[in-house]
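Trainee: Residue numbers (my numbering), protein chains in the order written: chain A, 493 to 760; chain B, 412 to 700.
Misleading hints may appear alongside valid ones.
Counterexamples of contact, computed for chain B against chain A with all Cβ distances above 12 Å [stated by the list, open to error]:
| # | residue |
| --- | --- |
| 1 | PRO437 |
| 2 | LYS466 |
| 3 | ARG505 |
| 4 | ALA525 |
| 5 | LYS556 |
| 6 | MET591 |
| 7 | ILE661 |
Footprint (simulated), chain A over chain B, 3 or more residues, beta carbon under 8 Å [said to hold, decoys possible]:
| # | stretch |
| --- | --- |
| 8 | 513-523 |
| 9 | 644-658 |
Each pair of labels, with its calculated beta carbon distance range [unchecked claim]:
| # | chain 1 | residue 1 | chain 2 | residue 2 | range |
| --- | --- | --- | --- | --- | --- |
| 10 | A | GLN747 | B | GLN668 | 22 to 32 Å |
| 11 | A | ASP646 | B | ASN538 | 50 to 60 Å |
| 12 | B | ARG469 | A | ALA566 | 43 to 53 Å |
I should point out that these hints are in silico values taken from the structure, not numbers from a laboratory.
All C-beta atoms in this analysis are idealised placements derived from N, C-alpha and C, irrespective of residue type, glycine included.
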Amino acid sequence: MMEVKKRFYFKKRPGMWFDIAVMMFFLVIILTPMALIVRKSFSIRGIQNYVAVFETGLLTNVKNSMMIAGGTVAIVLCVICPAAYAFSKFSFKGFKMLYYVSILGMMVPSVVMLVPIMLLGKELNLMNNLAGVIFPLSAIIAPFMLLILKNSIDDHPTEIYEAAFVDGCSKFRILFSVVVPMSKPTLLVITLFAFMDSWNEFFLPLALLRTPNMMTVTVIPMRFYEEFGADQPKIFAASVLIVLPVVLLYLLVQQYFEAGFTTGAVKG
Amino acid sequence: MFGKSKTAYFYVLPLVILITVFCIYPIAYNLFYSFYDWNGIASPKVYVGLMNFLKFFRDPVMLTILKNTLIYMVITASCRIFIGMWLAYIIKCRIPLDGFAKTVLYVPAVISYAVLGVVFSQMLDVNYGELGEIAAALGWKSVLKYPPLAYPVSALASIIGISVWKWTGYNMVLYYSALMSVPDDILEAAVIDGAPRRVIFFRILFPLLKSTHATSLILCILGSLKAFDVIYTLTKGGPGTATHFFSTFIYFKSIQQGRIGYAATISTVLVILAMIVTIFQIRAYNKTL
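My request is simple: use the sequences and hints to build the entire structure.
Mentor: Okay, structure coming up:
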């Protein structure tokens, strides 16, 4: 998937130093706030700020966020794999309309869901419950992932499907024996995007989770703000701890991220 | 390729159920209650026809929301598109350590918006924050008298600034992957013909990347209609109602004031706007595919 391509570039070009200056300028703008945040998170009491944050029970919130992210990724994958396969390889009545309606979910701002979902959550006893966040969150994230996966399945050579079918593989088994194995790189990208999106989700947990022990890592800094008052170093330490896992994950898998941009998102 | 098949419905069913329950049902719900005056769960619902819509269009906050959304849309879109493409072009042309630069520029895009809002609200404090520190170090005493989040213009500027800071790297990667698919022969031919790099950028690459501009533009427009996290954590719509956007205003109306009917009306207006954008998007996709 990551093909090594010799890039075209301007050798010994006159504008090189100007380009370097421009890039330096933007790097400084990007890096300065990050450096200031890390610096402040260690100010006054040093590493003790981080210890204090852990003592407030941040790990419970990390666990909640993990469960929400994990559950959302699982649901999204289960739902979009068969759907993308159907939209790519079958035709059926109402095909176009169903596809557009599915994509439409991408555009609906989550605030629109707020009141109906809260009432629905009360009916089903899902208020202040992680499952009550996972399902609507999956509905928000799934459409974009469907778009990426469908575009990638569209590119699979038809011969492979025909060969599998002729060899007696049922259409249903093709899903597991051909579609999923062939889409592995795309599915990895989708997993990463969906995980980060749900880890960073703020609105739904804010609206649907009530007690501190149910809250997620994105909601918790606001509570620290109320709890610690002007104790900025602790707020900043908490923020660093919340952001760190995602940034590290990104740094580990960044080459796949770029592949994700080329396979799906940009095609349209 | 498998042709018409009834089993296909079975494959799309889980997705359709998910979308129906969590996207279509809420839209229908809001449309229904936008015709009612309803202040909570127990109180009676009163049918008021189009009164809620008329009230919204006469609400002075409506103008603030529209103004904020438009300003946010125009500034973030132009910054993200131009700076993003500029940086992508620099990396495409190669400079030392370009791989490192690309990695660093994308990092803000994976950082939680809500956390950024909380952190920046602290950093922009003139007494305890970094802004005050920097201003004091540079001797700009006058800055200390004007906390940026206390004035409408500077509060909105802070929201927009954070948004641009967060998303420009994302657009850079978007443009970089698009630039990689531009055939090298075009660039080589232009160089042989002696075209300056500025000309290559504006006259050759800019028109070539139309579909990427369309994608970026739509992302920015939808972003401005959906904006919530950073506004809620940074200004909560304040000072007063000066930095309210659609999402924050609906949230405050429905959660804090319990005006479900009125919030449903604004939600319906928002959905209609988002739909219009979506139709344009589907058209754009169909053209390029």
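Trainee: Does each hint hold? Answer for all of them.
Mentor: Hint by hint, here is what the structure shows:
1. PRO437: violated, 4 Å
2. LYS466: holds, 18 Å
3. ARG505: At roughly 4 Å from the nearest Cβ of chain A, ARG505 (chain B) sits no farther out than 12 Å, so the non-interface label is violated.
4. ALA525: At about 4 Å from chain A, ALA525 (chain B) fails to clear the 12 Å cut-off, so the statement is violated.
5. LYS556: Its Cβ never comes within 12 Å of chain A, the nearest being 20 Å, so this holds.
6. MET591: Nearest chain A Cβ is 7 Å from MET591 (chain B), so the label is violated.
7. ILE661: violated, 5 Å
8. 513-523: With 9 residues close enough to chain A, the hint holds.
9. 644-658: Result for this restraint: holds, n = 3.
10. A:GLN747 <-> B:GLN668: 22 to 32 Å: Violated, since GLN747 (chain A) and GLN668 (chain B) (Cβ atoms, about 48 Å apart) do not stay within the stated range.
11. A:ASP646 <-> B:ASN538: 50 to 60 Å: This hint holds: roughly 57 Å between Cβ atoms.
12. B:ARG469 <-> A:ALA566: 43 to 53 Å: Given a distance of about 47 Å, which is inside 43 to 53 Å, the answer is holds.
Checked against the numbered hints above, the structure breaks hints 1, 3, 4, 6, 7, 10 and satisfies the rest.
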